[in-house]
Amino acid sequence: MSKYLMNKFIHHVNMNEAAEKEYKSNPHAYVQKWEKGEKLKLAAEEREALCKRDYGKLYALGAHPFTLWSFTEAIWVHEVPREQLVKDYKEKAAKAGYPDFKT
Amino acid sequence: MAEIVSIVGITHNPFMPRLFKQPNRPPGCAKVLERIDMMREKLRQAKPDVIVAIGNDHLHQFFMDNMPAFMIGKMDAYSGTFYDEIREFGLPTHRVPGDLEMSDAIMEGAFDRGVDFAYSNELTIDHSIIVPLTFVRPEMDVPIVPILTNCIAPPLPRPKRFYEVGQAIRAVIDKLQTNKRIAVLVSGHLSLEVGGPRQFERKLMDPNFDASAVGWISQGDVNGAVNHCSFDQLKQSGNMTHGFLNFIMMMGVANASKPSYAEGLDAGFPAIPFFSWEAS
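Chains A and S, in that order, give the protein sequences.
The first sequence begins at 1 in our numbering and counts up by one.
The second sequence begins at 104 in our numbering and counts up by one.
Bound conformation, chain S alone:
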C-alpha cells in the first residue's frame, strides 16, 4: 500500500525567490529562510518518490472561458512558468518530471469517490507549484502530480468542498497498490491582498484571521475552517485571502489530524504559512 510520508504546507509568494538573492534583503528574511530550510529538511528525510503538488493557478492555465474547479495534470514532465511571471517576479523557467501513472491513479480513484477532476495533458505550472518546489525541493528531481484549484475566479467551490477533495485524495492514496513514498506539498496563503488598495504592505494583512486560521489547522478544527471561509468572509481579510482554501484541502489530506508544525510567521510581510505532518 502507498504511504503518505510527508505533508508540507508553505507559501508560494512569487517575490520571495528574487528577494532572498538580494544582498540587502529585509531583516525578516532570515526567519523565513530558517523555516524554509526546516521544511526542506523534513521533506528530504521523508525520501519521497513522488510529490503531489497542490496549488492554485493564477489565471494562467485557467481563464474564465473555461474555468475548472479542480484540475489534475496528466503529463510526464511539466514546464513553468509563464511570460508575465518571468517579467514581473524574475522567476526562472523550470522543467519538472511528472508521474503520469500516479496522476491517472489519483484521478480515477477520485472519480470513484465522487470527485470529478478536470485534467490537462498540456499543463504549464505557475508560481503556485514552482515557488514551493524552489523552496523545499530545489533540485526539482522528484516526479510531481500537480493538482490545481480555483481560488481566484469567483464563484469558487465552497470551503467544505476543498476539505472533501483533500479527504478524497488521501483516501485514494491510502488504497493505492504501490510501494511509492508519497509526499503532499500544498501552497497557499493566509490573509493577503494583491491588486487592491492594501497591496504590498510590509506587515500582516489581518492578524486576527491569521491566528484563527493557524488555530483551525493546529487543532484539526474543520468546522471552524469551513464556517469562516466563504468568499465574502475571506475577502474581508484581504482580496486574495482565498488562497487559504488550499490549506483547507491540506486539512482534508491530513484527515484533520494535528500537524507537527503550524505557524503564520510574522516577518515584516503578510503572514507566511508553514505547516507539516510526518508519517504516523
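One chain only, chain A, in its complex shape:
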C-alpha cells in the first residue's frame, strides 16, 4: 500500500500550490508533517526519495509517470533549466526501464 501513498504525496504536491511551495522550501520537514496526517505509511526508501526530491528513484519505485513528470518539473525547474531537467529525467528513467506503476 505504500506505493499508493507515495503517489498520493506526489499528486498532492503537484495539484496544490501551497503544498508545492512548502515542500520546495523544506522537503524533509514537509514529508514528515504530511505523513503524520495519513493512516498509511511510506516505505523507508519511498520516504527518503521524497525527502531528497529524487525523481529517478521515485520513477524506479513505480511512481505514476504522468504525474511524476509534472511534479518533477514543478519542484525542480526553479533550480535547473527545463531542457537539462528533461534530459536528466529521461536518462534516469531509461536506467530503470518501465517499472510497474499499478497500485
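Worth double-checking, as some hints may not be accurate.
[To be verified] Each pair of labels, with its calculated beta carbon distance range: (1) S/Phe-334 - A/Tyr-4: 13 to 23 angstroms; (2) A/Ser-2 - S/Asn-127: 43 to 53 angstroms; (3) S/Lys-150 - A/Asn-16: 38 to 48 angstroms.
[What the hints assert, rightly or not] Below, in silico cross-link-like pairs of lysine-lysine (DSS-like), each with a Cα-Cα straight-line distance of 25 angstroms or less: (4) A/Lys-52 - A/Lys-3; (5) A/Lys-90 - A/Lys-52; (6) A/Lys-3 - S/Lys-361; (7) S/Lys-150 - A/Lys-92.
Simulated from the structure, these hints should not be mistaken for laboratory data.
Bear in mind that the values here come from a model prediction, so they are computed numbers and not experimental data.
C-beta: ideal position from N, C-alpha, C; glycine also.
Following the hints, position chain S against chain A.
Below, chain S alone, put in the same frame as chain A:
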C-alpha cells in the same frame, strides 16, 4: 428521436494551445492547424445543440483512492482546469455550460443497457475535455455532457468494454425522445509517452502502431482494435498509449461504421489523430 449529427475524434495534447500562439512555432504546426480548422468547420456545420464530450481524466478528478472506470458528469456547468495544468501547460481556466437533463438521460439509459456509469455532481474537467473544445468549439457555448474514462491508472477496463460502452451510448442516444442535435467529441491519442525515457520526442513514437490504429478505425475493424490493445500491448508503443482506448469507445459510438476522415498526422510530434463521421 435524437440524432447524432457529428462524431469528431481529436488530440487533447495540452501543450498545443500554447505552442500555436508562439511566433516561432515549429513548421509542422501549420498542417495541424489546417486539420483542426477542418474539424471545427465540420462541427459548426452539424449545428449541435449538445456535445457529448468523451475524454480521460489524468489523475485530477480521479485518484486511486476512489477510481471509477467510466464516469458521467451531471452538472449544469463545468469549470476547468486544475492548478497543475495552468502551471505546466499555461492553459486558461474555462466555464462550459452543461446539459444536466441529457446527462441523466444517457446515464439512466446506459444502466438499462448494462453500463453502470459512476457520476459526479462536482466534476472539474481537465485538458482531455478543455483542449478539444478549444480546438473545435472555442466559443464553448454548446452545453456538454462529459464522459470520463480511466485510461491511466491500471488495471484498466478492457478494450472490448470501451467499445461496448461506446455502443451503449450510441444506442441510448438513438432512442432519446428529443429533437436535440447531438455531437460526440472524443479525445485521445495514438502512440505516446509521458514521464518515461522517451517523452518529449519530436517524432512519431511508434509509426507501426499508429498506422494499425488508424487502419482499425478506417475499416471499422473492432476485432483488430480490441485484440491489440490490452494494457501490456499498448505500453509497448509508449507508456501512455492507453489514451487510444477512448478511440475504441468512439468506434462503438460510430457502431464501427467507416469514418469520413481518419488520419494519424505526422507533423514532427507524436502522431496527431483526426477522425470524423457525419450524420448518415
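Index of numbered hints that the structure contradicts, given in increasing order:
Hints 6 and 7 are the ones this structure does not satisfy, whereas the remaining hints hold.
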